[in-house]
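**Student:** Residue numbers for the sequence shown follow the numbering used here, so the first one is 99 and each next one is one higher.
It is possible that some hints are incorrect.
[Claimed, not checked] Each computed DSSO-like pair below joins lysine-lysine, with the alpha-carbon atoms no more than 27 Å apart:
hint	residue 1	residue 2
1	K333	K302
2	K357	K275
3	K568	K306
4	K174	K247
5	K285	K203
6	K332	K302
7	K524	K403
8	K478	K525
9	K333	K583
10	K171	K275
11	K403	K247
12	K524	K484
13	K333	K357
14	K275	K285
15	K333	K403
16	K306	K357
17	K357	K203
18	K332	K403
19	K332	K524
20	K518	K403
21	K583	K285
22	K302	K203
23	K306	K583
24	K357	K332
25	K302	K275
26	K525	K568
27	K306	K285
28	K357	K302
29	K518	K484
30	K171	K247
31	K333	K285
32	K285	K302
33	K285	K332
34	K174	K403
35	K203	K332
36	K525	K403
37	K285	K357
38	K174	K203
39	K478	K524
40	K568	K583
Source of the hints: derived by calculation from the structure; they are not laboratory data.
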Amino acid sequence: RGKNGGRVCWAIAGTFCEGKLQGAFADKRNSCVKCDFFRMVNSQEESHNSPTKLLKHLVDTTDNSFLGDLAYKRIKAGERFLIQGAREETAYIIQEGTCLTVVEKDGALHPVGHRGKGDIVGIRALFTGEPRHAHVEAETDMHLWVLNKHQIDNISQSDPDLLTLLTEIVTSQFDSKRPVADREIGKYVATNIIGRGSYSIVYKAVHKDLNMVVAIKMMRHNMVIDSDFVSHFKKEARIIASLNHENILNVYDFEERYKTVFIIMEYLEGESLQDLLLRLRVIPSALVAEYVYQICQGLDYAHGKGIIHRDINTVNVMVLPNDRIKILDFGLACQLGTEDEHIGGALAYQAPELLEGEPVDQGTDIYALGITAYELVTGKRPFDDKEISQMFRIGSPREIADPALLAPDILPELRHFILKACRHDKKQRYQNAGEALEELHPFVSVRGKQVSDENNRRKLTTIILRYDQKQQAALNSLLSEFSTKTNAIDVDFKLMDLSD
């Protein structure tokens with residue numbers, strides 16, 4: 099199995115070893131460290147392993163006088179020397195020995211990493227200032243050098259390359275597919291990772307007091323050092339928070355901590371249009387018409403606020419179990435009429451005029467929606483990668499093919515929408531989403547009309563408070579302030595006394 103073969107053995111509960119099926123990690127770990135194969139792998143790693151990139155950087159740094167100040171520590175095999183949840187300001191450089199990183203979750207132990215000679219453990223908590231995300235247990239006797247936070251801070255202030263390297267290491271640790279420890283983020287507890295992107299990681303979380311499930315988008319630490327990107331990330335939060343529509347993802351809160359930023363959002367259960375298309379290959383045109391209608395409703399609302407999404411595609415639209423549509427990811431959104439030399443967004447969905455440097459407007463989103471609808475009903479995009487590349491280079495006019503060629507049963511009204519929304523000349527397209535809604539409204543299915551009607555219904559939410567009589571005065575003051583704020587956003591607030 100090669101150099102890393104032993105890691106398959108110790109890392110997976112229920113593996114077949116020594117002629118029998120092994121049990122859970124807690125049962126395996128004592129036998130694993132005595133296994134001849136495991137010892138052979140460790141021996142191979144020690145003979146091939148050079149110091150990690152971070153350790154090499156620390157040794158080679160111009161001012162490495164701090165190395166003489168490092169404390170020495172010896173750990174016995176089996177000892178747990180880092181405790182999950184503890185707040186400490188130390189990391190450890192491994193001179194000799196091996197250890198396991200173990201997450202404790204839901205009453206079980208889950209091995210998530212293995213470290214050996216030259217590696218550094220505990221660096222994430224040292225860098226972010228948050229509690230330890232896992233236990234670390236010595237597999238063998240270990241010889242360690244203790245690295246303190248003030249030493250890292252002093253070096254990184256004068257060595258920007260070290261700061262970059264630290265952020266790379268911390269960022270990579272969030273990409274593990276293994277279980278993660280619960281993580282407190284302000285008023286919320288993140289329980290598991292539900293999505294990963296190039297610049298962010300999304301957690302499922304719950305509000306500690308309200309027990310409300312939310313999604314939390316965390317900016318990757320390697321992006322935080324880019325001040326322009328941080329501003330961009332915060333702008334996304336502000337833009338979505340200013341929007342309040344049934345077909346647009348809700349944003350509840352914003353947090354800055356652990357040397358990064360978090361957006362607290364509505365948690366959705368469903369699948370993206372991309373995943374739905376992968377599953378079904380093509381989507382019935384009547385259902386596509388309903389989806390397009392709802393997306394138009396959301397875009398019409400956003401455009402009315404002067405906001406252009408700029409990245410409508412199958413990835414950024416989610417379908418909920420009741421076929422309700424939610425528009426996601428306003429990360430590229432901008433004000434109407436913005437000129438931007440950085441086009442951004444998926445090129446296959448970009449309106450032709452953007453390739454020529456023209457400002458964005460409602461037609462930008464409408465064109466992208468037309469391409470999306472074409473893809474949903476035919477199972478293919480209208481232009482392949484080579485055609486898109488040619489259009490980008492020479493800017494030649496190109497009209498999309500009639501979707502009826504690939505989807506003969508397409509609704510005439512949906513076919514008309516796609517062809518008009520995707521005209522090369524934006525003057526021949528729908529001039530706004532409201533215009534498209536007027537044409538689509540008579541032809542959406544009964545279910546689609548019901549969804550639309552539900553979007554316009556007012557909701558009723560019940561909040562139950564249990565309190566003592568001595569708390570009445572303080573509670574009255576709080577409720578008065580709450581009532582004032584709800585009235586300001588056109589929300590009715592009513593009280594009803596109930597016996598316990």
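**Student:** The structure should be examined with respect to each hint, and the outcome stated for every one.
**Tutor:** Results of checking the hints against the structure:
1. Between K333 and K302 the alpha-carbon distance is near 22 Å, which keeps this suggested pair within the 27 Å criterion.
2. Under the criterion of a C-alpha separation no larger than 27 Å, the hint pairing K357 with K275 is consistent with the structure, at around 22 Å.
3. At most 27 Å may separate the alpha-carbon atoms for a hinted pair to count; K568 and K306 meet this at roughly 25 Å.
4. Between K174 and K247 the CA atoms are separated by roughly 24 Å; this keeps the pair inside 27 Å, and the hint holds.
5. A threshold of 27 Å between alpha carbons decides the hint, and for K285 with K203 the separation of about 20 Å falls inside it, so the pair holds.
6. Our distance criterion of 27 Å between C-alpha atoms is met by K332 and K302, whose separation comes to about 20 Å.
7. In summary, the hint linking K524 to K403 is supported, as the alpha carbons are separated by about 21 Å, within the 27 Å threshold.
8. Our distance criterion of 27 Å between C-alpha atoms is met by K478 and K525, whose separation comes to about 26 Å.
9. Only pairs whose Cα atoms come within 27 Å are accepted, and K333 paired with K583 is accepted, the gap being roughly 24 Å.
10. At most 27 Å may separate the alpha-carbon atoms for a hinted pair to count; K171 and K275 exceed this at roughly 31 Å.
11. Distance check on the hinted pair: K403 and K247 sit about 46 Å apart at the alpha-carbon level, beyond 27 Å; violated.
12. The suggested pairing of K524 with K484 holds, with an alpha-carbon distance near 23 Å, which does not exceed 27 Å.
13. Distance restraint check for K333 and K357: the Cα-Cα separation of roughly 18 Å lies within the 27 Å cut-off, and the hinted pair is therefore satisfied.
14. Restraint check for K275 and K285: satisfied, since their Cα atoms lie roughly 25 Å apart, inside the 27 Å limit.
15. Restraint check: the Cα-Cα separation between K333 and K403 comes to about 15 Å, which is no more than 27 Å; the hinted pair holds.
16. This hinted pair checks out: K306 and K357 have alpha carbons roughly 22 Å apart, not beyond 27 Å.
17. Taken as a hint, the K357 and K203 pair is honoured in the structure, with Cα atoms around 25 Å apart against an allowance of 27 Å.
18. In summary, the hint linking K332 to K403 is supported, as the alpha carbons are separated by about 18 Å, within the 27 Å threshold.
19. For the proposed pair K332 and K524, the alpha carbon gap of about 31 Å is over 27 Å, so the pair is violated.
20. A hinted pair counts as satisfied when its Cα atoms are at most 27 Å apart, and K518 with K403 qualifies at roughly 24 Å.
21. With a C-alpha separation of about 21 Å, the suggested pair K583 and K285 falls inside the 27 Å cut-off, and the hint holds.
22. Restraint check for K302 and K203: the C-alpha separation of about 15 Å stays at or below 27 Å, so the hint holds.
23. Between K306 and K583 the CA atoms are separated by roughly 23 Å; this keeps the pair inside 27 Å, and the hint holds.
24. Distance restraint check for K357 and K332: the Cα-Cα separation of roughly 14 Å lies within the 27 Å cut-off, and the hinted pair is therefore satisfied.
25. At roughly 15 Å between alpha-carbon atoms, K302 and K275 fall within 27 Å of each other, so this suggested pair holds.
26. With a CA separation close to 67 Å, the supplied pair K525 and K568 exceeds the 27 Å bound.
27. As the CA atoms of K306 and K285 are separated by approximately 6 Å, the hinted pair is consistent with the 27 Å bound.
28. For the proposed pair K357 and K302, the alpha carbon gap of about 20 Å is at most 27 Å, so the pair holds.
29. This hinted pair checks out: K518 and K484 have alpha carbons roughly 24 Å apart, not beyond 27 Å.
30. Of the supplied pair hints, the one linking K171 and K247 holds, its CA atoms being roughly 17 Å apart against a limit of 27 Å.
31. Of the pairs offered as hints, the one joining K333 and K285 holds, with about 22 Å between alpha carbons and a cut-off of 27 Å not exceeded.
32. For a cut-off of 27 Å, the pair hint linking K285 to K302 stands: about 14 Å separates their Cα positions.
33. A C-alpha spacing of about 19 Å is found between K285 and K332, which places the hinted pair at or below 27 Å, so the restraint holds.
34. Of the supplied pair hints, the one linking K174 and K403 is violated, its CA atoms being roughly 63 Å apart against a limit of 27 Å.
35. Taken as a hint, the K203 and K332 pair is broken in the structure, with Cα atoms around 32 Å apart against an allowance of 27 Å.
36. For a cut-off of 27 Å, the pair hint linking K525 to K403 stands: about 22 Å separates their Cα positions.
37. A distance of roughly 17 Å separates the Cα atoms of K285 and K357; the hinted pair therefore holds under the 27 Å criterion.
38. Restraint check: the Cα-Cα separation between K174 and K203 comes to about 25 Å, which is no more than 27 Å; the hinted pair holds.
39. The suggested pairing of K478 with K524 holds, with an alpha-carbon distance near 23 Å, which does not exceed 27 Å.
40. The straight-line distance between the Cα atoms of K568 and K583 is roughly 25 Å, inside the 27 Å bound, and the hint therefore holds.
Comparing the model with each earlier hint shows violations of hints 10, 11, 19, 26, 34 and 35; every other hint is respected.
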